[in-house]
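**Q** This is what each chain is made of:
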Amino acid sequence: MGLDRTIVIGGEAGQGIQTVGQLLAAACHGAGFEVLAVNDFESRIRGGHSSIGLRVADRPVSAPCRRIDLLVALDAPSEAVHRSDLSEDGLVLADRAAGLAEGRALSLPLEQMAREAGGKILANTVAAGACLGLLGAPEDHCRRIVRQQFEAKGDEVVDRNIAAFTAGYAATRNAAFNGRIQAGWDRSPRGRLMEGNLSVALGAVAADCRVGAFYPMSPATGIMAHLASLSGRYPLVVEQAEDEIAAANMVVGASFAGVRAMTATSGGGFSLMTEALGLAAITETPMVVVDAMRPGPATGLPTRTAQGDLNFVIHASQDEFPRFVFAPGSPEQAFETMVRAFDLSERFQVPAIVLVDQFFNDSLFTVTDFPPPPKVVRHIIGDADMADPAAYRRFAVTADGVSPRALPCRGKALVVAASDDHREDGHLSETMADRRKMVAKRFAKLPAMMARMRPPETLHPEADLLLATWGSSRGAVWEAVETLREAGRSVGAVHFCDLWPFPAEAAGELFATRPWVTVEQNYSGQLGRLVREQTGLKPAGRITRTDGRPFFAEEIVAGLKETKGLKGPK
Amino acid sequence: MGLDRTIVIGGEAGQGIQTVGQLLAAACHGAGFEVLAVNDFESRIRGGHSSIGLRVADRPVSAPCRRIDLLVALDAPSEAVHRSDLSEDGLVLADRAAGLAEGRALSLPLEQMAREAGGKILANTVAAGACLGLLGAPEDHCRRIVRQQFEAKGDEVVDRNIAAFTAGYAATRNAAFNGRIQAGWDRSPRGRLMEGNLSVALGAVAADCRVGAFYPMSPATGIMAHLASLSGRYPLVVEQAEDEIAAANMVVGASFAGVRAMTATSGGGFSLMTEALGLAAITETPMVVVDAMRPGPATGLPTRTAQGDLNFVIHASQDEFPRFVFAPGSPEQAFETMVRAFDLSERFQVPAIVLVDQFFNDSLFTVTDFPPPPKVVRHIIGDADMADPAAYRRFAVTADGVSPRALPCRGKALVVAASDDHREDGHLSETMADRRKMVAKRFAKLPAMMARMRPPETLHPEADLLLATWGSSRGAVWEAVETLREAGRSVGAVHFCDLWPFPAEAAGELFATRPWVTVEQNYSGQLGRLVREQTGLKPAGRITRTDGRPFFAEEIVAGLKETKGLKGPK
Amino acid sequence: MVTVDDYRSDFENEWCPGCGNFGILEAMKAALVTLGLEPHQVLVVSGIGQAAKTPHFLRCNAFHGLHGRALPVATGAKLANHALTVLVNSGDGDCYGEGGNHFMHAVRRNLDVTLIVHDNRIYGLTKGQASPTSDLGMPTRIQPEGTVSEGFNPLAAALALGAGFVARGFSGDKAHLADLIVAGVRHKGFALIDVLQPCVSFNPIHTHGWYKQRVFDLAGEGHDPGDWSAAMARSRQWGDRIPLGILYEEQKPTFIDRIGALEKGPLIDQAAVEFAL
Amino acid sequence: MVTVDDYRSDFENEWCPGCGNFGILEAMKAALVTLGLEPHQVLVVSGIGQAAKTPHFLRCNAFHGLHGRALPVATGAKLANHALTVLVNSGDGDCYGEGGNHFMHAVRRNLDVTLIVHDNRIYGLTKGQASPTSDLGMPTRIQPEGTVSEGFNPLAAALALGAGFVARGFSGDKAHLADLIVAGVRHKGFALIDVLQPCVSFNPIHTHGWYKQRVFDLAGEGHDPGDWSAAMARSRQWGDRIPLGILYEEQKPTFIDRIGALEKGPLIDQAAVEFAL
Ligand SMILES: Cc1ncc(C[n+]2csc(CCOP(=O)(O)OP(=O)(O)O)c2C)c(N)n1
Ligand SMILES: Cc1ncc(C[n+]2csc(CCOP(=O)(O)OP(=O)(O)O)c2C)c(N)n1
Ligand code: SF4
Ligand code: SF4
Ligand SMILES: [Mg+2]
Ligand SMILES: [Mg+2]
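Residue numbers (the numbering used here), protein chains in the order written: chain A, 1 to 570; chain B, 1001 to 1570; chain C, 2001 to 2277; chain D, 3001 to 3277.
Hints are computed from structural coordinates only; laboratory data are not their basis. All C-beta atoms in this analysis are idealised placements derived from N, C-alpha and C, irrespective of residue type, glycine included. Any given hint might turn out to be false.
To be verified - In the PhoX-like style, the derived pairs of lysine-lysine whose C-alpha atoms are separated by at most 25 Å in a straight line are: (1) B:Lys1153 with B:Lys1120; (2) A:Lys437 with B:Lys1561; (3) A:Lys120 with D:Lys3127; (4) B:Lys1437 with A:Lys561; (5) A:Lys538 with B:Lys1538; (6) C:Lys2127 with B:Lys1120; (7) C:Lys2188 with C:Lys2252; (8) B:Lys1375 with D:Lys3264; (9) C:Lys2264 with A:Lys375; (10) D:Lys3127 with A:Lys153.
Unchecked claim - A few chain A residues facing chain C, derived, Cβ under 7 Å: (11) Gly253; (12) Phe256; (13) Cys409; (14) Ser419.
The task is simple: from the sequences and hints, build the whole structure.
**A** Here is the structure:
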């Protein structure tokens, strides 16, 4: 096993632990390490308990680790909450690290040092300095990072933070800490640090999304905030709607009028958007909706993570229609998935839904540079492409169900669309003949849509047992497989990003010949149900977590042991 | 084969064909025949084409028949639309029945006769008279029916309609018509004629529903209109909300405060209610929602029928929670199902959804008298039931997941509920421990809920092939089975009223041993998917209809022939 | 030269004979001709209801969306391409009931669309339930003892919400209504035209005759559309005399004016920017 | 005798130190004590937001529902049992944004509940996006160039919608606010109390000090709450001087008064009627 350190910073909301996390993440990443920073916070602005879990390693990491090497407790409760996860030679750093054995705690007067450096609020930077000292990061490198972090706020702020950092750093640089990272601080950074959130927003602009409409809802707001901040650089307007219903209908309106458009929300907002999903479907208007999942039902745990909406988004809205559902497993895949979602939604004129979650959105990942996105193809026609624009029919029946799409007021061709079922020209019709024609036309798209679905990604697909997962749980599952294989078990993994139309053939091939267990953050094992519906194959068990926190690899390993009746893997 | 006549009356909306249908239905039913009247109308108030299909038989009928014995065309298009369905010795009755062979058409100057009887608008009653004359109904009996029908509108209206009826009747009483019903006009009525709509509303009042909140939406409005008309007789208030979101939240509020409450809507409105469904779930507040299905997506065909929402309502709302889903197959079952839905929703403190559809809601059925409903048990406690009301915790963990339910302001016990996840006392909590406790508690209800689910109803379950259906398609499937068996095929049927939690064991037993084919009004065969998800068993095929019109038995028979790869049934 | 005939749709009209909607339809056509707009230059957005069927009975670009949701669709369309001329046809239930929230917020946005509300004070398409503008106490099939909510006053609400163009028309006075629509489209910003419209099938109270006796043109009474308080007072005038015309007009920056990114022109026409991390 | 202590909740308060919500909470407790209501006699309904957490910080019956949907829940509860005393705590986003439609129609119903809107002109719980009452042009993280919609005026809107009790309070004047709440609860019918509330975390403009300098009590200026036009004028007064107090009060039949079936008493208390076909 190579380098793998977990540092947790705990404190109240408002104490600036995010700053500590960012400084540590930037310092470690800047020196060439792989970094993951997971945010854990309550649905409140001040007080309570929040934490950042930083994982630093020499190989890619995309799931948190339970075992803590260094716990920085900015308040007393933080120590209590996390102490049980402290590793055997882990260290607690706190103002008054009480009740721990000699050598396992380091008391530093963080607040007092902060006051000396220029004010109590600098305690977080002092703590960051102390951490970096313990970790063995080179001082100059760290200073550069601190400077970068505060640059935008002016010299005075920079200077005070440098002072605070230095105080913390000096206090610990020589302290004993088994977790010190002895080597490797001299490399150049790999890729970049990025919130999951941002990868989604970047994918959208790479796909030439021009209108974003949304109503704030955790954990989706970050996506729209990033999109808003990109609106200066790209032709893009982000509008905050009065509610999610308006947001979804704005997206349909913008898309109908001719630009790519999206919204992002969480399950509660998605509930309110389900009717508009059907509107997009029957008017065959492209639409991209990101559902950033959190635990429910209803308001549930607003700032926590879950994967409970899979079955819901596949079936949402009355009656049936083709749609795409994706659940990327990494920022790189999220970026690419957004680009694909926009393209496929426009190509097939159906809604596309992208599932992410709070863990994914709010965590900082070490991301490899995104490949340049493919050139945007709009699948739109104008008068020039028509023999007779006056004869244009928006819903003309074609072999593949996709009608050539013109835009309103961009030529002589008139574009008529209706949420009632309709004739080829878009005008209302209730005849059986027209209805059958339109139902057949809409579903005629399925084979070609299906052909675009990618089979699931696999890891050791030849193994005797497969773990099946989707979305952001990929990281923990991949890591669990590695651990299990190191322990000599023949285990592989399967990750579904493309979930609907379901790649049943590929799934059937993988799951027909050996036991498989689903790993997902919902109660009933929704992926397992979906696979069974589509292939008849039943999982040997399910490993679930529904308490709002992301999976650790170790609990998947443990969960597998507990899976009853599992035969096969050695 | 016994008596089986189909009479179709076609005309424009506004021509009063419903009156014709009602008169015929009442006359036939009043004489002891079994009657079914199916309404077919467009989403407009005047003009266009609508029709009523009346089926008169000597055994129960609950599906329409395609073959028309008597077609009454109140306008020219009606003749054109329906002529192809005329049976070999069928007759067309019209002002000017053109283009038909001698003996197949009867031209009557309906409008002129109406004018003579008192006004052009009486043409519908003239037509009714003419039909009844052709059918051979006794004149006195018919007069009584006409009188009853118009009684409430005063003597003058009655007299004019009697005159119109008499004119029509006299004109045809001696006409040649092979479909004449020769005997049986002297019996007393069996049960009563009732709209599907009304059976749902009656079930609600029988369950002591006291608040109905709704937003108008076809085909659900009739349920709420019936409920409103019952509010004089029972302690019941029906409120029209500003939108479906409000309606659903009003239901939750009324239920929380202590009375049974319901709403009815169609798929579009249901979409808007999905968030409130989760609210009911997490606050464990009883709630009954009727979804009266129509074709979608979106507005779709507003006045037509469908069964496209099954998967949607099972999965609607973010994350997961236990719920009930029912789909009655007859008015008698709808009545009983509403009573059960209210009881089970309150007993388990979970939402209950009842699926009906436009065909069911808007048709007149011959209904046997409902058995007296069981005594309503409220599953509610008060201070007197508690050792210490001050210690009351609304979400106390119990073995079966159901916490004793007190009501706000009905004692000293304070009732606190939240849409966020919470502690046993209802106050917010984000801890992993509380979350796990509450998730486990909510799902702990499932086994007892499951135990309340009734296995599907079967017809010849020993047969070599089974047709599987749900909801209002039961009638057509039952009839198809009879037809097929008469033709010597070993076919049976299975009807699911209780759909969720899914009675997987019973389904598995039925479907594991022989081929089965689903019959449902949706594209993908949702029941088949559900069965497969729950049992792994795959249907041999599916017979679907998605054009908004109810199944005919004959098309199920034909559909079975076309089902590819079906082996087995002789 | 565009003529009324250019707007004639082949699609069969589905309204009841005698419905006030016909007057509104004719007034729209006349207004569009007066504005010199050709059918392909116009986008009509609607929700669901009898009113919302209007775009099918015109020849133009049309988006007939969900019940209550016309305004958000119009907003999205304008965001994408603010060169569009967008008219919205909505019913009193569509706009003030199901869509009430969007109405409130569309006013706040001051989006440059013209909203024509066919205010028949009833739910027509669903066969006669009370609408927000139904009179308190009006009996309907589903409210047999009469409605229990006070009638919604759209003009007063729009004024209180800060609307820059607030007018009332009458389907029985097509020429006057056409003038209002012309003024509404020319107004830069959100324009509400609430139209008194008889429903011959379900509203026996507010008939053509009932209105005919009561309506009068504000322009004839020296009303100053720049005077907000006077407009508010007029918006509350009802009963024996019912004012028609432009109650209030104020020019202010529109939604589009306030968005920096749109200075360069409609989003749809702006050059794509190559993606770079 | 009920005391303020009876309303003290053991549940840890989650608001930011210095938040205006604390003043509102204290004023509510004081008002409930003045009204002589015991905790078990009170039902507080809320939506989602910082404001909507209020019922957890009180000891009473509580329903903390969905974002935007407090009023329909309150309506349902009142329909079921109109003997309930129902107060609703809502935020400016909760009530005028997501819940805007319910606000409009709750006014029309004249339902006998007291609505207290914690109007901090920002979305607090979701960390500082613009709310409907945010000033036009106010920059936020997600509106970096400032908001593009005009601020919503709840008092003017309520008046235009026909509200029978319209008042404004200030979280910094607890005694005055408590009086308003007492008057609101005593008022038979819908009572809106929009409360100016500083958000120390996300609204740097409308601070305690900013309000303190500007607010004044209407009662001191001879305002007549029976004068609708004067109330409307006052509702539009903003800037250097901001009026507090009861802008308008008018007694009229409530929702419950208008429903015949409720004459016999609360639905929950009415005797069951045996079912018969
Ligand atoms: C979500 C949803 N709820 C309800 C309906 C049913 N619906 C269709 S039109 C309508 C009301 C029509 O009234 P209005 O908007 O006043 O239009 P009018 O027909 O009177 O012109 C309703 C309730 C629907 N289509 N969608
Ligand atoms: C359907 C839905 N959409 C969005 C949210 C997210 N959300 C929670 S509170 C809130 C806004 C809070 O603002 P406000 O109502 O003004 O209350 P404050 O926190 O300022 O008191 C939002 C948007 C939600 N919970 N549900
Ligand atoms: S129902 Fe009323 S509004 Fe609708 S078309 Fe007929 S008359 Fe017009
Ligand atoms: S965020 Fe604002 S409103 Fe919310 S508790 Fe903090 S100060 Fe109060
Ligand atoms: Mg209307
Ligand atoms: Mg707020």
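**Q** Please go over all the hints and tell whether each is borne out by the structure.
**A** Verification of the supplied hints:
no.: 1; hint: B:Lys1153 with B:Lys1120; verdict: 18 Å, holds
no.: 2; hint: A:Lys437 with B:Lys1561; verdict: 23 Å, holds
no.: 3; hint: A:Lys120 with D:Lys3127; verdict: 23 Å, holds
no.: 4; hint: B:Lys1437 with A:Lys561; verdict: 23 Å, holds
no.: 5; hint: A:Lys538 with B:Lys1538; verdict: 13 Å, holds
no.: 6; hint: C:Lys2127 with B:Lys1120; verdict: 23 Å, holds
no.: 7; hint: C:Lys2188 with C:Lys2252; verdict: 8 Å, holds
no.: 8; hint: B:Lys1375 with D:Lys3264; verdict: 23 Å, holds
no.: 9; hint: C:Lys2264 with A:Lys375; verdict: 23 Å, holds
no.: 10; hint: D:Lys3127 with A:Lys153; verdict: 20 Å, holds
no.: 11; hint: Gly253; verdict: 3 Å, holds
no.: 12; hint: Phe256; verdict: 6 Å, holds
no.: 13; hint: Cys409; verdict: 5 Å, holds
no.: 14; hint: Ser419; verdict: 5 Å, holds
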